[in-house]
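Q: From first to last, the protein sequence lines are chains D and E. Here this note's numbering is used: the first residue of the first sequence is 58, the next is one more, and so on. Here this note's numbering is used: the first residue of the second sequence is 9, the next is one more, and so on.
Worth flagging that the hints you see were computed from the coordinates, not collected in a lab. Mixed in with the good hints there might be a few duds.
Once the Cα atoms are required to be at most 30 Å apart in a straight line, the calculated DSSO-like pairs of lysine-lysine come out as [stated by the list, open to error]:
#	chain 1	residue 1	chain 2	residue 2
1	D	K142	E	K127
2	E	K10	E	K127
3	E	K127	D	K83
4	D	K83	E	K10
5	E	K10	D	K132
Some chain D residues close to chain E (C-beta under 10 Å, calculated; not the full set) [unchecked claim]:
#	residue
6	S87
7	L90
8	G166
Don't be surprised by glycine CBs; every beta carbon is placed ideally from N, CA and C.
Spelled out, the chains give:
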Amino acid sequence: MRLTDIIRLTRAHLAAGDEIEGREIKNGFSSDLMSDVLTLDTEHMLLITGLANIQLIRTAEMADIEVVLLARNKKATPDMIELAKETGLVIIETPYSIFRASGILYENGLEPVY
Amino acid sequence: MKLAFDIESGDFASAGKASSQIKQVLKQLQVDPKTIKRIVVAVYEAEVNVVAHSVGGTLTANITESEIVVVVVDRGPGIVNIELAMKAGFSTASKEVREMGFGAGMGLPNIKKNTDDLKIESRVGEGTTLTFRNAF
């Protein structure tokens, strides 16, 4: 699924990252548990989460996650945005809940990890 | 090449700095990305463990052309029952640690999963030493 479609479908706001056009994301995963995210063998995916802290960005860096979607109006803090820019991570923010964002993206073809 | 880091207890803002630097070095050495991911996930889990559970410690990475050996030493309190700590789902983490997205009892099992060799030595009241190795 195109990243621009993910942004459009979840009415998301881009908080960090550039070169959005033309980027494709195949898989999605929803979790607030970073320990669980660190056990995944899938890379270059979208992580939908309600957790907005610096450890989310570190986890994404180590797990080779390309995009994180913060649900339910959670906002990326300045230190999260700074670290995301350093590591090349895209952060987007949606007013939708994790459930709603996951449902919409699944319905539109984003594949689950499990 | 040897990289050494101090890890402060409770310093969640810095947890991940060692794994991030090690990742950069391994990328420069053109190690296979899947292998890099396994290594840095293990290093990051170990860093978070020291921040979350110990009074502080050090992390040292020895990198050669063919492998990485990581030694993580903390100054206590030590693990009472290593077998139990290795069991998925067992955790002594605080509420604060859980709110950070960790403390689900998955760290040590995940380090084992992502490393070729893992050795854990611990003495209650003294500390824990984790040694792990990955071939490139």
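Q: Double-check S87/D for me: the hint is only fine if its C-beta lies closer than 10 Å to a C-beta in chain E.
A: Not OK, violated: S87/D not within 10 Å of chain E, min 13 Å.
Q: Can the hint on G166/D be confirmed by a CB-to-CB distance to chain E that is less than 10 Å?
A: Not OK, violated: G166/D not within 10 Å of chain E, min 26 Å.
Q: Are K142/D and K127/E close enough, with their CA atoms no more than 30 Å apart?
A: Roughly 36 Å between the alpha carbons, so the hint for K142/D and K127/E is violated.
Q: Against the 30 Å threshold, does the CA-CA distance of K83/D and K10/E hold or violate the hint?
A: It is violated: about 37 Å lies between the C-alpha atoms, which goes past 30 Å.
Q: When you check the alpha-carbon spacing of K10/E and K132/D, does it fall within 30 Å?
A: 38 Å, violated
Q: Is the interface hint for L90/D satisfied, with its Cβ closer than 10 Å to some Cβ of chain E?
A: 6 Å, holds
Q: Would you check the hint for K10/E and K127/E, treating anything up to 30 Å between C-alpha atoms as holding?
A: Holds: K10/E and K127/E sit about 20 Å apart, inside 30 Å.
Q: Given the hint that K127/E pairs with K83/D, does the C-alpha gap stay at or below 30 Å?
A: 37 Å, violated
Checked against the numbered hints listed earlier, the structure breaks hints 1, 3, 4, 5, 6 and 8; every other hint is satisfied.
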